[in-house]
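Visitor: Sequence:
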Amino acid sequence: MARGPHAAWLPWMPWSWVWQGQKKGKKRGMGISKSVIGFWVLVAAALCFLAFQWQMAADFEAEAGGPPQQRLDNATARSLRYLAAQKRREVLASAAVKSDAASEEELDEKGQGSSQNSKPQKAKPKSASSAAQALDQTKIEAAQTDLQAEPDSAPAARTDYVIELGEGSEADLLASDKKSSGRVNAQTEFGSDGEDKLSQSMEEARTPPSPDASVLDFTPAPITTIPAKPPAPPTWIHCAGQWQECVCGGRVRWGNRKTWSIIEPPEDGSKAKVMCSIDKLEDILPGDGGKHCECEVVPGSKFYLSLNPMQLPDDVAESTGSPLMASCELFESAKEAQGARPHDLTQWEAVEPFCSKAWEEAARQNPAFKAGSRQIDLGTLRKSMRARIDSRFVGNYKRLAKDGWLPRAFVNYYAGAPEGKHTLMTEELIRSVHLFSAEPIVVFHFGSVTPDYWTAERFPRLVLLHSLPLPDRSFNFNKLRSFLLSRVLTGVELDSDQFVGPGVDVMFSMTEREITKEYPIPIMPVHYYSFTRRDSPENVWWRRYCSREAGGKKYDCSAHTMRWGHAHPTWTFWALPFYGRWLRRHFRDERLPVKAGQPASNGIRVTDIPEDEDLLNVANWEERVTKQWCKYDNDRTEFREMLRWDPKQGTRCDEGTGCTDIMSDIKFYPNGAAKAFFTAHNCKDPAETKRWIDEIHKRYTKGLYPTSTIVYKRRIWNSGLELRSKFPNLACIL
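According to the UniProt record's numbering, the sequence shown is numbered sequentially starting from 1.
Source of the hints: derived by calculation from the structure; they are not laboratory data. Wrong hints could be hidden among the right ones.
What the hints assert, rightly or not - In silico BS3-like links for lysine-lysine, alpha-carbon gap of 30 Å or less: (1) K726 x K713; (2) K383 x K302; (3) K335 x K271; (4) K402 x K421; (5) K302 x K273; (6) K383 x K258; (7) K370 x K383; (8) K280 x K335; (9) K698 x K684; (10) K627 x K667; (11) K302 x K280; (12) K280 x K421; (13) K335 x K258; (14) K684 x K648; (15) K421 x K726; (16) K648 x K713; (17) K357 x K370; (18) K398 x K383; (19) K402 x K383; (20) K271 x K690; (21) K627 x K713; (22) K383 x K273; (23) K398 x K517; (24) K726 x K684; (25) K302 x K421; (26) K553 x K517.
From just these sequences and the hints, can you work out the full model?
Guide: Put into structure tokens, the structure is as follows:
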């Protein structure tokens, strides 16, 4: 019997003490009573008995395999090992039987095939037995190895099992036991004790059961290997148009269609920043206006998910929380709804050529709608009518819109790098709207990535929408697209190089007063310069609106009906068909019909009109419109006179260019045109723009800014009505 560490000395300690005490007592002449000796004898006996009991318990636990809890775990582990061995035995036996059967079937099929080799054999559906035959041979060999391994009586060892069996496998048994005990899992410890019984059980397991033996059916399901999904290959997405900056986390390519120049990312791992212009990059496609930059991205990456949601597959875009708010399907559904509203009907009239295959088929039969070789195909046009709400601003949209339409809103469009110049310009515009207006602003993003610090908390009246830019057209035609897609009942367009000032909201009431069902035409402000044929004789539209008289030297400019307007229009929903009509003509590459008595060159090709402002002025002349706003988008520097104003001046505006009238011209404005400081233009420096806005806001809140900013003949007028009553012949209106 093994002895504890204290068993050798503990029983003899009291006797040693007594003996030493007796010896010392005799030397000193002192005696120890028998009662004291008896007491120590009893103490020693009790200690010896307790030590004996402790040692017996320790020896029993050592022989039994540990404490009760450990013995229970060991027993459970041995049971699992036994079941696993039995399972492997059944797998081997079943595989052997089915392998023989499969061999016989194969021989039979070969015999049939040799007699019918002229006919193709139809594949047979797999039966349960054929499914079992699909068991991987490597699994069978692993089972044989486990069954043949006889563990020596060595110290306890840990065995890790990686089980890849089907339903009813050992993995299920282990999982079931784990649920019941909470102590045993697929990594099971087996001690040296009880290995003889386990070996005996394994030896019995090697003997296959008789054919009629009643055993549980543990036939494994076929092994199913689920291959890991390979990472998606990188793909190219539109990053920036010509003259814009591209920010990309990978490679950048510059060009169009099949001609590209590759720009590698920085070696330090930072994002590439590329100005996509022929000033910075080689002009690999001279004369191609569709040159642009594309960015190589990896689907599923963080940068990929931060992209314009219109650049993502629909399911991915929806998963980011960016719902579709504009599409051909939505527009047509609204038009066909019972009790369709006037704005739903006018919108469908405007977008039908971009959406309807039936309209396209009918247009092919009508010479007046003949499309040219630069036509944008219908599939691309349908995509151009789609827009999504940025997930951060869905709440703003739901709060501000009514039945899918915004009653009033400013509308802006832009594209640019998140920290680029155009983005910062747009941000200052948004900030000015939140300072000086009570109405929302819709910003259409046609780029790749927007700043993550644009939030609904910071800009509670911002609705950020996303769409895709169009190929092979000037970026500025996205302005007209934004009018069609924004679903605004009354809109005021703002470019990114503008900001708004105090009193700007009067523009909405002006627009609702002037643009109606009876006058369904947008209105633009007069330009500070009167562009005529004399100024730009090479422009194609003068052949139609100021053409040379037949056989003479004079020019007939009667079709030039209005002074050049600035492309900052306002509109109501009644004017949407006007925008749709002219955008259609440009995107389908139509020609204007030749006027009677005019040469063929009179029928100008609409795609020869390069920019949005050019197209809107041609449209005004072609449709002989009669209304034009006074100048309400003055240069930012002219706001200096508004900042210098003092309440003591009253209505006087004596000094500076801000107090002067818009340049006169002989034909339309012989006495010049009035100004209104509702918005500022030519704001190209974001930092400078911020200073202008802050200074205006500072003086306005202190009462040191004029309450009305309509200026004509060096006087500040209280309203457009007062101005018109004094100057009824003034060609512009407010």
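Visitor: For every hint, state whether the structure bears it out.
Guide: These are the hints, each one checked on the structure:
no.	hint	in the structure
1	K726 x K713	holds (11 Å)
2	K383 x K302	holds (25 Å)
3	K335 x K271	violated (45 Å)
4	K402 x K421	violated (34 Å)
5	K302 x K273	holds (18 Å)
6	K383 x K258	holds (22 Å)
7	K370 x K383	holds (22 Å)
8	K280 x K335	violated (47 Å)
9	K698 x K684	holds (22 Å)
10	K627 x K667	holds (15 Å)
11	K302 x K280	holds (29 Å)
12	K280 x K421	holds (16 Å)
13	K335 x K258	violated (40 Å)
14	K684 x K648	violated (33 Å)
15	K421 x K726	violated (43 Å)
16	K648 x K713	holds (19 Å)
17	K357 x K370	holds (15 Å)
18	K398 x K383	holds (24 Å)
19	K402 x K383	holds (25 Å)
20	K271 x K690	holds (28 Å)
21	K627 x K713	holds (21 Å)
22	K383 x K273	holds (28 Å)
23	K398 x K517	holds (28 Å)
24	K726 x K684	violated (36 Å)
25	K302 x K421	holds (24 Å)
26	K553 x K517	violated (42 Å)
Hint violations for this structure: numbers 3, 4, 8, 13, 14, 15, 24 and 26, all remaining hints satisfied.
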